[in-house]
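Student: Listed below, chain by chain, are the residues.
4 protein chains.
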Amino acid sequence: MQPTLRSFDLAHLAHVELLTPKPEESLRFFVDVMGLTESGRRGDSVYLRGWDDYERHTLKLTAARIAGMGHFAYRATSPEALQRRAAVIETSGRGRGWTDGDLGHGPAYAFATPDGHNVEIYYETEWYRPPPELAPALKNQAQRFPARGINARRLDHMNLLTSDVAELRHFLEDVLGLRTTEQIVLDSGQEVGGWVTSNNKTYDLAFTLDHYGAKGRFHHVTYALDSREEILRAADIFLEAGVPIETGPHKHAIQQTFFLYVYEPGGNRVEVANAGARLMLAPDWQPVVWTEAERKKGQAWGLKTVDTFHTHGTPPIEQYTGPRKK
Amino acid sequence: MQPTLRSFDLAHLAHVELLTPKPEESLRFFVDVMGLTESGRRGDSVYLRGWDDYERHTLKLTAARIAGMGHFAYRATSPEALQRRAAVIETSGRGRGWTDGDLGHGPAYAFATPDGHNVEIYYETEWYRPPPELAPALKNQAQRFPARGINARRLDHMNLLTSDVAELRHFLEDVLGLRTTEQIVLDSGQEVGGWVTSNNKTYDLAFTLDHYGAKGRFHHVTYALDSREEILRAADIFLEAGVPIETGPHKHAIQQTFFLYVYEPGGNRVEVANAGARLMLAPDWQPVVWTEAERKKGQAWGLKTVDTFHTHGTPPIEQYTGPRKK
Amino acid sequence: MQPTLRSFDLAHLAHVELLTPKPEESLRFFVDVMGLTESGRRGDSVYLRGWDDYERHTLKLTAARIAGMGHFAYRATSPEALQRRAAVIETSGRGRGWTDGDLGHGPAYAFATPDGHNVEIYYETEWYRPPPELAPALKNQAQRFPARGINARRLDHMNLLTSDVAELRHFLEDVLGLRTTEQIVLDSGQEVGGWVTSNNKTYDLAFTLDHYGAKGRFHHVTYALDSREEILRAADIFLEAGVPIETGPHKHAIQQTFFLYVYEPGGNRVEVANAGARLMLAPDWQPVVWTEAERKKGQAWGLKTVDTFHTHGTPPIEQYTGPRKK
Amino acid sequence: MQPTLRSFDLAHLAHVELLTPKPEESLRFFVDVMGLTESGRRGDSVYLRGWDDYERHTLKLTAARIAGMGHFAYRATSPEALQRRAAVIETSGRGRGWTDGDLGHGPAYAFATPDGHNVEIYYETEWYRPPPELAPALKNQAQRFPARGINARRLDHMNLLTSDVAELRHFLEDVLGLRTTEQIVLDSGQEVGGWVTSNNKTYDLAFTLDHYGAKGRFHHVTYALDSREEILRAADIFLEAGVPIETGPHKHAIQQTFFLYVYEPGGNRVEVANAGARLMLAPDWQPVVWTEAERKKGQAWGLKTVDTFHTHGTPPIEQYTGPRKK
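Here the protein sequences come in this chain order: X, C, H and P.
Residue 57 in our numbering sits at position 57 of the first sequence, with consecutive numbering throughout.
Residue 35 in our numbering sits at position 35 of the second sequence, with consecutive numbering throughout.
Residue 185 in our numbering sits at position 185 of the third sequence, with consecutive numbering throughout.
Residue 281 in our numbering sits at position 281 of the fourth sequence, with consecutive numbering throughout.
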């Protein structure tokens with residue numbers, strides 16, 4: 001396999017829109033337990049941010065009948081990069097055209113993955129300016145450390161379910177210019193998982209096979225904490241707050257992420273993970289391919305993957321009616 | 001101040017050559033206490049690496065009469081980027097021409113900073129292939145975790161002393177295409193410190209004013225550990241090993257690095273720091289400028305900067321005879 | 001020096017009464033920043049507790065004209081031990097007689113140290129019963145983890161200033177039956193610091209020479225956190241909250257405590273420290289005696305002791321008018 | 001249930017003798033991976049210690065045909081306490097009489113639990129005096145921090161399998177004077193687990209029902225590390241060293257211990273756990289009783305207990321021939 005060429009056009013995963021049928025409870029979870037800060041409201045949506053996120057928001061929480069992921073967005077590295085990348089997407093036939101933007105960011109080019117997940121890219125953004133009571137003591141920090149709940153630091157990555165992993169990977173590499181860093185490929189040759197990145201993080205987007213064959217579902221969104229110790233403390237806090245813990249804390253073999261998965265009140269899976277020291281600095285990184293046999297060993301220290309990890313997504317399969325229309 | 005445009009031509013700080021008048025003791029320090037692994041020898045040099053470094057080496061330890069920094073190197077993001085950047089350097093008048101490379105990497109373009117520090121850039125490299133006894137349990141890791149000494153993870157950054165901070169910054173920005181993320185500027189307007197990066201780390205190169213006005217001296221090289229707890233443990237281990245601790249552990253206000261400074265037996269300053277979660281993902285990051293008054297507050301939690309931090313460099317000033325000739 | 005015989009009559013340091021001229025601000029500090037929980041009010045006092053303290057309170061915060069320490073108390077190991085110990089104190093001539101107790105505990109025998117610090121011992125106590133919203137998820141825990149501020153776990157120890165260290169040590173050993181675990185003795189033979197314990201913690205009471213020769217002043221009270229990482233995070237949180245940090249985080253050579261000292265709004269010094277793994281399990285522990293030369297090395301990793309550490313106590317020396325009368 | 005009266009006669013769990021059919025490999029595991037230090041040899045036994053253990057050894061590793069636990073020992077708080085306790089044991093009918101002691105400690109009184117586990121109590125001991133190369137930098141520490149493997153700190157506790165939990169608990173309380181801090185009691189009233197202590201640690205001895213009804217088997221011995229982060233790092237190191245990880249790292253609901261279980265090469269289960277801040281300071285602690293329903297929730301954060309945890313003991317059941325004769 002050839003190393004993926006890097007385009008440098010996309011800078012980072014910028015925000016994720018979660019749909020929740022329990023908007024008030026979800027908001028309380030994200031503010032009181034996750035420690036996010038509300039930074040705006042518009043229509044049925046509340047905008048939220050981690051204390052180290054530099055943009056106005058990284059999470060858009062939108063009231064909806066059924067849980068799921070509304071859209072996610074990448075920020076481009078420059079106005080030119082945005083135009084360049086929009087043109088490539090247009091050519092791919094997946095484009096949906098320009099929008100005027102949203103609270104906190106400017107014009108965005110909207111499109112869909114082959115599986116139907118809604119995506120946007122944009123460049124113009126609003127750097128967060130904290131009100132006085134949230135001003136940090138150190139000027140090189142976006143916002144005061146909240147000292148509340150688990151103190152989620154910043155958006156780290158998200159994970160999609162997809163009916164066709166290989167097709168989605170090709171789209172992300174060829175059309176978006178993301179680089180694949182790790183993969184799971186079965187003995188049959190079928191790809192069942194992929195991890196890609198737009199920058200020096202080893203991934204900011206992951207995608208795994210939807211065992212129901214559904215299209216466009218969502219697996220989880222992840223916020224980063226500073227250390228493994230903070231993930232353990234988060235587990236204590238989730239337990240005290242009555243938040244359902246799905247699995248963890250433990251260490252993934254793939255990407256070596258120290259993880260903890262919970263369900264927010266709306267039913268969407270949320271991960272907190274150690275942002276850690278692991279970076280992909282090499283410009284010619286070769287994807288690490290995990291085999292079926294290697295996956296059977298479980299997680300890094302032997303934990304077996306829980307069944308729900310392969311089946312639970314949002315919308316829940318019993319409420320699924322096809323990929324979401326924007 | 002305008003945001004610095006990013007060139008994407010340089011991928012990361014690749015290695016540093018330290019000169020030591022006590023080669024055997026320095027080697028024992030780096031292997032037994034720092035936990036680095038020897039990966040080659042040639043002439044008067046021993047090549048060393050952290051367990052998460054992907055290239056064959058990140059430290060070249062060379063026997064010499066006087067301590068100091070022999071050269072440092074950046075890896076380019078592609079063969080084309082290397083040629084492109086070499087041409088810019090050539091034009092700047094600082095170029096010294098191509099070399100055949102070194103143990104572990106291919107042809108390099110050599111040049112000097114305005115202050116006379118020796119630098120090289122190259123693309124072709126040798127990915128580290130561990131011998132069986134050093135093979136890691138997880139295939140996405142470069143080498144087995146050593147479980148020896150402080151277990152330094154990877155080269156993080158280095159710090160130069162310079163007789164002219166502003167001149168060096170302009171060179172690094174304009175000629176190398178690095179981006180400035182933080183600075184110290186006195187009330188007089190004089191720049192006395194700068195932090196620049198080639199990637200999403202918030203810095204991989206720093207430079208501060210040489211209080212003696214000497215040219216081309218070296219301040220320190222830094223290896224990253226995984227957590228603040230590991231830096232504290234490193235302090236315990238340095239203490240037990242009789243390694244002189246200069247200052248720390250504490251948290252820098254600038255860059256918020258959790259630091260610990262020691263002297264290796266040859267006299268060069270070595271830092272271990274928390275690689276942590278702090279990244280510069282924003283493509284339009286504006287340099288944070290620290291004023292004279294802000295610097296007087298000391299480090300993040302109030303520690304006063306020790307005097308030697310402003311005066312000790314290598315070569316020691318009493319042995320200094322001008323910038324080093326390659 | 002002979003090992004101190006252990007009496008087993010006193011179980012542990014039970015609570016400390018702090019006097020504050022800024023009661024509202026001190027209360028906000030202890031609740032919002034330290035993460036303590038209010039568990040009662042009576043007269044000019046508010047009673048507070050850490051989430052792992054088993055008794056109703058460990059801190060009594062009392063409004064007063066001048067800052068200082070009102071009294072501190074030890075809990076006895078049994079009703080018989082209480083009577084036995086009260087008789088010994090009575091015989092020493094330092095006794096003041098029985099009180100009816102206080103909010104949360106039963107009859108107490110009051111006395112003064114030779115330096116005039118007010119002390120009480122008691123046995124009957126009220127185990128804390130949390131209200132439903134503070135009930136823990138795990139039944140072997142006293143109270144829900146607060147997830148607020150620095151989440152102080154439990155009262156750890158306190159430190160007295162005294163005009164005569166040797167006299168106070170003899171009193172604590174001979175009359176209270178505490179064991180000395182570490183000491184500072186100058187070359188002249190003068191004792192200037194002592195650390196004693198009633199149990200397997202290596203100390204729950206410390207005392208150092210008052211450089212002004214004043215009697216009965218107070219140095220600091222300490223709450224324990226779970227790990228060194230939490231002390232570092234506490235430093236971040238104190239910084240954000242505008243709490244003055246006196247020194248630390250760093251590691252004491254004596255007792256190897258990982259420490260951080262701040263001033264609460266009333267002016268009293270408060271320490272947060274790592275409760276850690278260090279225990280004194282040996283029944284025949286010999287006091288570790290630190291010499292003048294050893295103390296000159298500073299703290300464990302070389303930090304110099306700040307001047308205020310030797311001079312600041314409460315009441316502040318300029319408001320001092322003699323040892324406090326109960 | 002009445003609080004257990006404390007005798008204060010026993011100071012702490014002092015050492016454990018493990019039997020191993022693979023003595024060389026077991027020794028390499030304990031020295032190279034666990035980071036223990038060899039402190040003596042006699043006959044078929046090697047004596048080992050953690051860097052914070054104050055006695056000469058806490059682990060006696062003895063070559064044997066079948067894995068298991070040879071004996072374990074408590075140190076008494078004084079010569080008088082030893083005599084007093086020996087007399088009580090004698091009266092109980094479980095006594096076996098005095099021995100001359102062993103490498104590192106003086107005369108011991110030997111006896112057996114009702115289930116047949118061999119136990120000894122003694123007072124005279126040899127405080128560890130490190131050779132120069134293992135002398136610590138800080139004089140209040142027993143031995144230099146090894147900076148090797150997982151750096152096990154000190155013996156923490158051990159766990160027995162027993163055919164009758166209630167009978168063993170009564171023996172430990174009534175004859176040895178240990179205090180019960182937590183228990184598991186089934187709906188039927190049958191006790192299936194107990195945790196007892198001789199000091200302020202919340203337990204130094206645990207015992208659980210042997211599902212095979214065998215007598216005198218051994219479950220595990222535990223060494224303490226300083227922090228949860230160190231347990232996680234230990235998991236990384238065990239993985240690299242090829243040590244079989246049975247379960248963890250995770251947090252027990254009972255005692256809230258952060259645990260990690262592995263098998264040493266001889267087949268005995270070894271735990272590393274966070275020594276942490278949790279202490280039992282209350283003299284009137286009431287045992288926490290866990291019900292069948294509560295146990296079904298799994299560990300603190302939801303991890304299901306692995307089957308082997310209920311079945312694997314040493315000697316392995318297939319090699320079991322009855323309780324071990326001294």
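Just so you know, these hints were derived from the structure itself, not from any lab.
Warning: the hint list may mix true and false statements.
Treat identical chains as interchangeable: a pair holds within one or across any two.
[Stated by the list, open to error] No more than 20 Å apart at the CA atoms, straight line, and that leaves these computed lysine to any residue pairs for SDA-like:
#1 Lys139 <-> Lys296
#2 Lys22 <-> Gly101
#3 Lys304 <-> Ala112
#4 Lys297 <-> Glu167
#5 Lys304 <-> Pro146
#6 Lys139 <-> Asp164
#7 Lys215 <-> Glu318
#8 Lys296 <-> Glu80
#9 Lys304 <-> Val185
#10 Lys215 <-> Glu167
#11 Lys304 <-> Ile317
#12 Lys215 <-> Arg129
#13 Lys139 <-> Trp285
#14 Lys296 <-> Ala112
#15 Lys139 <-> Glu25
#16 Lys22 <-> Val192
#17 Lys304 <-> Arg42
#18 Lys215 <-> Gly193
#19 Lys296 <-> Ala137
#20 Lys296 <-> Thr308
#21 Lys297 <-> Val243
#22 Lys296 <-> Tyr54
Student: Enumerate the violated hints, using their earlier numbering and listing them in ascending order.
Tutor: 2, 3, 4, 5, 6, 8, 11, 12, 14, 15, 16, 17 and 22
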